[in-house]
Amino acid sequence: MSEVISVSALWPEIILLIAGCAVLLLGQARSEAWRRLMPWLTLAALAAAICIVVLKRHFGEFAFEEGNGLSYGSLAVFVRIAALGLGIPLTLVNWSQSREHERGEFLSMMLMSLAGLLLVGPADNLLMLFLALELVSIPTYIMVILSRTNVRSLEAGTKYFYLGAFSAAIMAYGFSFLYGLSGTASLSGTIEAVQAALLEPGTLEYGLAMIGILLSLGGLFFKIAAVPLHFYIADVYQGAASPVAGFLGFVPKLAGMIAIFKIVLLTGYWDGGHEGTFWLLWIVAVASMTIGNVLALRQANIKRMLAYSGIAHAGYMLVGVIAGPLAGKAVDSGGVGIMGDGTAAVLYYIMIYGIANLGAFAVLGLLRVRGGACETRRDVAGLIRREPGLALLLALALFTLMGLPPTPGFWGKLSLFGSALAAAQLWDDPRLIVLVVIAVLNSALAAAYYLRVIAAALVYENKYPAEAAPRNAEHIGAQLCGFLLLIFAFYPTSLMVQGQDGTQELTEGIYSVSAEPDADGSDIPEKVVAGGNSGRMIPADMDQVVSPLSDNNVTDQ
Amino acid sequence: MLLPYLLVGALLFTLGMIGFVTRRNLIIIFLCTEMMFQGILVTLVAFGRYPLQGDPTYDGQVFALFLIAVAAAEAALGLALVVLLYRYKGTLDAKAWTFLKDE
Numbered sequence: 344m345s346e347v348i349s350v351s352a353l354w355p356e357i358i359l360l361i362a363g364c365a366v367l368l369l370g371q372a373r374s375e376a377w378r379r380l381m382p383w384l385t386l387a388a389l390a391a392a393i394c395i396v397v398l399k400r401h402f403g404e405f406a407f408e409e410g411n412g413l414s415y416g417s418l419a420v421f422v423r424i425a426a427l428g429l430g431i432p433l434t435l436v437n438w439s440q441s442r443e444h445e446r447g448e449f450l451s452m453m454l455m456s457l458a459g460l461l462l463v464g465p466a467d468n469l470l471m472l473f474l475a476l477e478l479v480s481i482p483t484y485i486m487v488i489l490s491r492t493n494v495r496s497l498e499a500g501t502k503y504f505y506l507g508a509f510s511a512a513i514m515a516y517g518f519s520f521l522y523g524l525s526g527t528a529s530l531s532g533t534i535e536a537v538q539a540a541l542l543e544p545g546t547l548e549y550g551l552a553m554i555g556i557l558l559s560l561g562g563l564f565f566k567i568a569a570v571p572l573h574f575y576i577a578d579v580y581q582g583a584a585s586p587v588a589g590f591l592g593f594v595p596k597l598a599g600m601i602a603i604f605k606i607v608l609l610t611g612y613w614d615g616g617h618e619g620t621f622w623l624l625w626i627v628a629v630a631s632m633t634i635g636n637v638l639a640l641r642q643a644n645i646k647r648m649l650a651y652s653g654i655a656h657a658g659y660m661l662v663g664v665i666a667g668p669l670a671g672k673a674v675d676s677g678g679v680g681i682m683g684d685g686t687a688a689v690l691y692y693i694m695i696y697g698i699a700n701l702g703a704f705a706v707l708g709l710l711r712v713r714g715g716a717c718e719t720r721r722d723v724a725g726l727i728r729r730e731p732g733l734a735l736l737l738a739l740a741l742f743t744l745m746g747l748p749p750t751p752g753f754w755g756k757l758s759l760f761g762s763a764l765a766a767a768q769l770w771d772d773p774r775l776i777v778l779v780v781i782a783v784l785n786s787a788l789a790a791a792y793y794l795r796v797i798a799a800a801l802v803y804e805n806k807y808p809a810e811a812a813p814r815n816a817e818h819i820g821a822q823l824c825g826f827l828l829l830i831f832a833f834y835p836t837s838l839m840v841q842g843q844d845g846t847q848e849l850t851e852g853i854y855s856v857s858a859e860p861d862a863d864g865s866d867i868p869e870k871v872v873a874g875g876n877s878g879r880m881i882p883a884d885m886d887q888v889v890s891p892l893s894d895n896n897v898t899d900q
Numbered sequence: 748m749l750l751p752y753l754l755v756g757a758l759l760f761t762l763g764m765i766g767f768v769t770r771r772n773l774i775i776i777f778l779c780t781e782m783m784f785q786g787i788l789v790t791l792v793a794f795g796r797y798p799l800q801g802d803p804t805y806d807g808q809v810f811a812l813f814l815i816a817v818a819a820a821e822a823a824l825g826l827a828l829v830v831l832l833y834r835y836k837g838t839l840d841a842k843a844w845t846f847l848k849d850e
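Those sequence lines, one after another, are chains A and B. Here the first sequence is numbered in our numbering, starting from 344 and rising by one per residue. Here the second sequence is numbered in our numbering, starting from 748 and rising by one per residue.
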């Protein structure tokens with residue numbers, strides 16, 4: 344991994360960083376006309392980066408470039424398209440965010456954060472991964488502080504910054520152990536040392552590996568707002584301006600989830616099933632879903648409600664991580680559908696969650712109640728009479744978050760939980776079935792608080808309903824979110840296929856390390872569980888089992 | 748020779764963590780996160796000098812240098828925040844900031 348990556352591989356990131364610097368400097372220009380150009384410049388940079396990615400892909404130049412701790416594989420392609428594609432509605436929704444003379448700083452921080460997200464995808468080195476994650480996080484602290492003029496955003500930003508620094512330290516400490524175990528910082532070099540160490544309980548290496556994994560994942564749980572480090576999220580979402588909260592629901596979550604994939608891949612959990620990792624993820628998933636939903640039930644403030652439900656959504660996503668990319672192997676040894684690929688389901692779900700969350704926050708950001716921000720259920724009451732379009736958009740976004748059948752949120756939950764059921768069959772593990780039951784019960788519980796907001800907006804009356812601010816860009820951004828949700832409701836496969844292409848890298852990683860497949864290639868290699876003594880074995884006759892899931896595979900529709 | 752360094756690193760990290768949770772002055776809390784980073788630096792450099800397997804590499808030292816840079820970036824942001832907070836309230840007590848909470 345000592346070769347040098349060519350600059351041409353990095354053009355999208357470089358464009359975003361140059362544009363970030365340009366927007367930062369030009370945003371301070373004396374003339375107002377110049378400052379007004381800044382959002383356009385941001386949009387142009389994103390569009391240029393998308394063009395490069397698409398053209399490179401189209402002309403097959405997307406060779407797997409690697410070097411300098413970066414390795415452009417399938418995951419990097421997905422992250423690039425996802426981040427740049429959603430970057431456009433994010434820019435539109437944040438068009439007139441922050442005070443006028445601070446807009447340049449705000450947009451530049453947004454571009455830097457997106458550039459960090461683009462670097463998380465290809466990071467193949469613990470150091471690169473850490474730096475990329477910090478490049479995602481540090482600008483978001485500034486965005487929260489700049490987003491409003493009042494003291495609340497300052498308090499929110501302070502809390503976010505302090506806990507962010509704390510979690511970064513925890514994550515870096517975990518990374519230092521993973522590095523120490525193998526003597527190299529590259530992830531592909533670490534993977535063998537970590538897996539070998541996890542096979543021998545009781546040794547110093549085993550202890551170091553367990554601490555390393557535990558601390559790395561613990562720090563990353565902050566980024567996706569899963570349970571042990573979730574408590575900041577409600578304050579931050581409430582204190583930040585609504586469109587910024589929409590940004591926080593997507594960019595750090597995607598970055599954290601990709602990093603979690605990379606760390607879980609190190610443990611070899613998806614391949615043989617490592618008990619320690621399994622229990623860690625299982626407990627965090629269950630606790631996140633349950634605690635997030637219970638806290639959300641009590642909220643009258645919609646922003647806090649969406650924040651707490653974000654914890655629950657992080658829990659649902661972890662269900663897909665637990666299932667892993669190989670969950671469907673027993674069901675269908677040929678092409679593994681979306682039902683059999685938990686990680687692809689996570690990528691799909693995270694996109695849908697990001698769009699729906701952004702749509703809901705964009706609507707809240709547009710509304711004004713007696714000159715103030717629109718935050719509570721009472722504020723949105725009677726919205727359908729005053730602003731029917733926005734009310735329907737809010738309802739669509741919340742139905743998606745709830746997971747009502749025709750919406751893309753339903754397809755997301757179906758594929759997440761379906762992959763967990765497939766994994767339960769593959770490993771013959773009842774704990775996964777319990778997990779899915781808890782997840783489904785939680786989804787039902789979540790309907791209660793989403794429906795209350797939808798009912799307030801569509802059914803209830805209010806003497807002084809909220810008014811929409813006359814801002815074209817924000818309206819277009821919100822409509823774009825609704826449009827994307829409608830597209831993915833009726834053509835979920837278009838995005839699911841992207842997710843599946845994205846996770847190819849993870850399965851390849853497993854095959855390169857695991858025992859070579861049998862001669863006929865159809866059997867799953869038998870692997871004894873690493874660490875722990877429950878001895879989870881993959882039954883050899885698994886390919887005879889006929890699964891109900893194979894019949895209603897979503898990708899076949 | 749590795750273990751004493753790891754213990755020093757763990758001690759610094761743990762003290763920083765305890766301080767982060769218990770102290771109330773925002774500058775001290777920030778210094779506690781810096782102390783956690785110092786513990787990580789000790790661990791990284793020790794692993795680089797006394798590897799568990801193979802020859803010593805420079806990855807640990809490089810990692811440590813970049814961590815110092817990241818910690819400096821965070822310090823710049825943290826101190827700017829502290830100045831802003833002090834202008835608003837005239838105190839740096841963490842307990843003074845409770846606008847945002849569950850109703």
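If you're looking for bench data, these hints aren't it; they were derived computationally from the structure. One or more hints might be untrue.
[As the list claims (entries may be wrong)] Derived, one-sided and incomplete: chain A residues facing chain B with beta-carbon distance under 7 Å:
1) F402
2) E408
3) E409
4) G410
5) V494
6) T501
7) A512
8) A528
9) S531
10) Q581
11) R728
The beta-carbon is built from N, C-alpha and C at its ideal position, and this holds for glycine as well.
| said: Tell me the hint numbers this structure goes against, listed in increasing order. | reply: Numbers 1, 2, 3, 4, 9 and 11, in rising order.
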